[in-house]
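There are 4 protein chains.
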Amino acid sequence: MSSVFGTIFRVSTFGESHCKAVGAVIDGAPAGMQLSEADIQPQLDRRRPGQSELSTPREEEDIVTILSGVELGVTLGTPIGLMVHNRDQRPGDYEEMAEVPRPSHADYTYQMKYGVRASSGGGRSSARETIGRVAAGAIAEKYLFERYGIEIVAWVDAVGAIDAGPVDLTGITRKEVDAHPVRCGNPAMAQAMADLIAQVRDKNDSVGGMVSCVCRNIPAGLGEPVFDKLDALLAHAMLSIPASKGFEIGSGFSGSRMLGSAHNDPFVSKGGRLGTSSNYSGGVQGGISNGEPVYFRVGFKPPATVALPQKTARFDGSEAVLEAKGRHDPCIVPRAVPVVEAMAALVLMDLVLRQEYRKR
Amino acid sequence: MSSVFGTIFRVSTFGESHCKAVGAVIDGAPAGMQLSEADIQPQLDRRRPGQSELSTPREEEDIVTILSGVELGVTLGTPIGLMVHNRDQRPGDYEEMAEVPRPSHADYTYQMKYGVRASSGGGRSSARETIGRVAAGAIAEKYLFERYGIEIVAWVDAVGAIDAGPVDLTGITRKEVDAHPVRCGNPAMAQAMADLIAQVRDKNDSVGGMVSCVCRNIPAGLGEPVFDKLDALLAHAMLSIPASKGFEIGSGFSGSRMLGSAHNDPFVSKGGRLGTSSNYSGGVQGGISNGEPVYFRVGFKPPATVALPQKTARFDGSEAVLEAKGRHDPCIVPRAVPVVEAMAALVLMDLVLRQEYRKR
Amino acid sequence: MSSVFGTIFRVSTFGESHCKAVGAVIDGAPAGMQLSEADIQPQLDRRRPGQSELSTPREEEDIVTILSGVELGVTLGTPIGLMVHNRDQRPGDYEEMAEVPRPSHADYTYQMKYGVRASSGGGRSSARETIGRVAAGAIAEKYLFERYGIEIVAWVDAVGAIDAGPVDLTGITRKEVDAHPVRCGNPAMAQAMADLIAQVRDKNDSVGGMVSCVCRNIPAGLGEPVFDKLDALLAHAMLSIPASKGFEIGSGFSGSRMLGSAHNDPFVSKGGRLGTSSNYSGGVQGGISNGEPVYFRVGFKPPATVALPQKTARFDGSEAVLEAKGRHDPCIVPRAVPVVEAMAALVLMDLVLRQEYRKR
Amino acid sequence: MSSVFGTIFRVSTFGESHCKAVGAVIDGAPAGMQLSEADIQPQLDRRRPGQSELSTPREEEDIVTILSGVELGVTLGTPIGLMVHNRDQRPGDYEEMAEVPRPSHADYTYQMKYGVRASSGGGRSSARETIGRVAAGAIAEKYLFERYGIEIVAWVDAVGAIDAGPVDLTGITRKEVDAHPVRCGNPAMAQAMADLIAQVRDKNDSVGGMVSCVCRNIPAGLGEPVFDKLDALLAHAMLSIPASKGFEIGSGFSGSRMLGSAHNDPFVSKGGRLGTSSNYSGGVQGGISNGEPVYFRVGFKPPATVALPQKTARFDGSEAVLEAKGRHDPCIVPRAVPVVEAMAALVLMDLVLRQEYRKR
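Protein chains in written order, with this note's numbering: chain A, 123 to 482; chain B, 123 to 482; chain C, 123 to 482; chain D, 123 to 482.
Calculated from the structure, these hints are not laboratory results. Please note: incorrect hints may appear among the correct ones.
[As the list claims (entries may be wrong)] Straight-line distance between alpha carbons at most 25 Å, and here's what the computed DMTMM-like set of lysine to aspartate or glutamate pairs gives: (1) C:K142 <-> B:E183; (2) D:K142 <-> A:E193; (3) C:K142 <-> C:D161; (4) C:K392 <-> C:E273; (5) C:K142 <-> B:D317.
Remember, it's a predicted structure, so these values are computed and weren't measured experimentally.
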């Protein structure tokens, strides 16, 4: 009961870090849409490890194969099966962890939940699981852009205490974001972030960060009242990404400090539709999009697997010192950027399809 | 597609602000549990308007009736229907809003979504909708406490820029929280908060705030990998509450500033089970509870309906000045406390039942 | 986990035979549709007991109230709450059954499932539960007719060994069906059926029967491949009606005896679309509607509650003789007619809405 | 919205007849269960084409690979990905059908639904899709047997007008069923059935048939009241199998002819539990299992694809004569036997897991 997301556009993912393959099955994708692996691979390439010296040296190509649901380059309306082989299936680096659950990792909680767990890597909690999401998200993004012109752009908003600073929500592009491997969208701050990551990596430590995201050209009316509000589904989606600890939309927590007279977004006429002159709401009012850009921020903790010795306990309760081996990211946020975009796309895609049936 | 929450313990709510009744149907409640209206009414009383001069003078008693699913004080395992009559069905105060959508309220977005909307009050977006949630949450809480000893306590963590300050997560009780109508749990700060709310109210303005919540005695193993992580469901639940704009669990956004060596929670032996000596994780690792207290924070924006004149636009795009009439809360967070508790209870209840079938 | 039907048009029902009320919550009903209790009551009147001497003398008016989701006679797109009070809450007639589970009734299985059961009547297994379905079905029917001209007509196809004989699928109307209280649509056979029911009733016995149903003007393309085929959902819906034991669509079981060359329905041009010259398929091919009338048959067992003495066993295993008291239908099929129509409407409504989002 | 079955034990299938692979993802399988491909392959072998001269000469080995969810032969509790490559991807035989939809096949309805369809074979409507179901069913069966001793045995109950005759529900085994390739369980009738199939095949025609199934050692209490009754889910499951047209449980349609006094199953003491002395109910009362054998029957139409010339129409409405090429089964029921068993297993598995969480 863990692997399905969405109501009409339903994504199931499968796969652990060291099994034969990871992938996804997408149910509810519209028929008649042009689609090939080439539409999906670029976001997987942005997600894969080993892109720069800022991330884990674990090199994986992560080549996607479409198994079903597409014929002659066109979607059939039937489930789209997607698969990426796990090339790296060596469990060697993880022996010590059989006895010592990694602090703040999922080893202990999986064991308590299932009474068994994958013997190596993160198993199902590994970031490799996000491959299926990113692949599914790429399909959603293609539809959203072709049909509505929706653009989704995420960037690294902070690494540790270094903030990217203000960003032009209406203009920022993926090209700008990717101009530097740290993906912060602000050239001036990118090098400072990269330096911090390198410094942390050299100390065998890790550091947290934040990712912000904007979704533009969202039609008004997306999101369901009550439980499936647009912002509630985005929060669900973002907190489902490994290592995320917080979500805020629009003014977010800083809006809690404000007065209503200052926080309210006045309506103004914008070329035939109502818009707002400010956007503290983050494009969502009453859980439903109002046509303004939807923007939100996600906080990520520092990766739990660090090579520094950590004083902790074994499963049996005895004391232990763990020095994690393996190849790990010192900071996850640059690679989290396409994952945040993918999850936003899955939310929007499902809500768009839910709404299309209403607009008759 | 808006009104069902949960997978096994499924809660459907119904009702607008001025229809005949609001309520809920709860499917999946365990059979054989003692239950009567007296188990539900107290949380509704904590939620209802008119409790103190800090909230709207709209007086509603909100008396709950159990329609089905309970016989002779015992649950049958069948759906529990719950209903609260709307005594106040006068739409008189809302005439002007027919032409002028309230800034940052849901008038505009509902109209765009459905092509129609309730003529008065917030309709389905009204906080009255939360009555069904609070009633359902009270049932969930009862089960969680009786079977696992789970305690859920929320409190006002901030009103505007005034913070409640640190709270003892292991000890704070509802009695302490309710000692002052502002429900901040810290007597020293409560009066300052109340003064701020009174001051804002007298200026016909409103102010935001934050609510924190702790869930104690959570068994390890709750939460599903990938999409239905405990923290992801909590985020979904909290962002589904009207006026919420942010969610963070454990260290939250401040954890994004930290190094892994400082943020990791070392395991220690705690009376026969593994615990952690710190709890930056907020009781959740890999999306699954680890047995430590689960704590999180929710940010609420200032209520959108203020009596101050606001320059805005009509539905037709022409300029307008809106002075909202009606009786509204200047600050929602004291009344949001039982709603946060209820939504936390719904999440935990569903995950507890999902897990029970695994533990054979 | 028992009371929700549908994916987009979701119907939850609640209520036992002797609790305060039975009802339904309908999520996903389109906004902007004219609706009042007067659209719902007629089908409830066709379902209610005491309509003629052929059914139970238990007189219940079953007046429906719309609690929410409708304002000024127009649907809001929000959940529609519906309620019918249970006027008859006397558990007196059921004392003996506390010890002796009625043969072929649900007393024993509910007790085994939940460890508790309603002390009187059928509890949740009572046919009163179908009130919520019939009310929801009436709303679905209204939409289906107004938007697509869809007509749904069911009739009694057999009472015991007496068959109604062939019926004109393209022409039969509810008015014709209701011309005789036995609702068989064939005046010649109606009296024979009524005589059989009276005879069985006078012997304190009961008798089974069949209901057939045709759905006309179904657009091609309804139904989902694989699991949610139109015929699979109809089968699910019909077997969920109390006392039903079988379902067949089109040629049904008799088609199993045929050769493909005889059974195949050749395509022919019908006024700009493809139709078929025969309709052994029952309007469904590969689980998807082809535009021809959808017709199917449902078999109902004789009601289990009979006043004749039955040799059986108590819960404790000891032998007993049960003479059921209470007021029961000697034959359920005349009253099952609107229930079959309602369930068909719920299936079609959900599939229509699922399909509308595809047709862009 | 077509490819997920189940609530807790959720099976998604993917794949068309001529894409790269067909398969399934199973979410909710219990952790800690021993599992390998060897547990799954035997049922796939019973399903595959080319087993005898009674079925299509299309030879496919259908070797299953477990992609995820199992490590070192033990299930992890995470989604189990299963895949079977499509070796036969030649679309050559299907050219004519591009213009002429096959009568009573899904060509026309898929085209009407999606505006596009697989160019060859049945696409998603192909019986190859059932591979994923049979594989998932084998896993369910293994759990059901190991934990409850549940046995599921299906057999061919009729081919055309030839009936298998009465079968010992309490004793029939798969070994007996498989003793003859026609799988009727009755040696005396098997040869007559085989002769009929051969005769039909030689005439380029096809013939229908029926499959019956018994499920033994079912614990009392399975099935949910109202919509998810055990019999309703079985009906749903069976009508979702390609070419099925009818379902009946227990006495089924013949029970509609009976009186209640004859049809009721009296309770008797059976070694410490209540059983029934007859079983017209088919092991289900009020939608919930009573501990007696669950038995039901499924009617299958003759396969639609026949090589005989058929007078029909093109998509454009013009008349055509179709002589289907390709390699097709003259009678599907022998190969439907493991599919019926698999679908029964999926229903029971989901209901067993739903019930386990209640029994605390």
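Status of the hints after comparison with the structure:
no. : hint              : verdict
1   : C:K142 <-> B:E183 : 21 Å, holds
2   : D:K142 <-> A:E193 : 10 Å, holds
3   : C:K142 <-> C:D161 : 23 Å, holds
4   : C:K392 <-> C:E273 : 20 Å, holds
5   : C:K142 <-> B:D317 : 46 Å, violated
Hint compliance for this structure: hint 5 is the single one not met.
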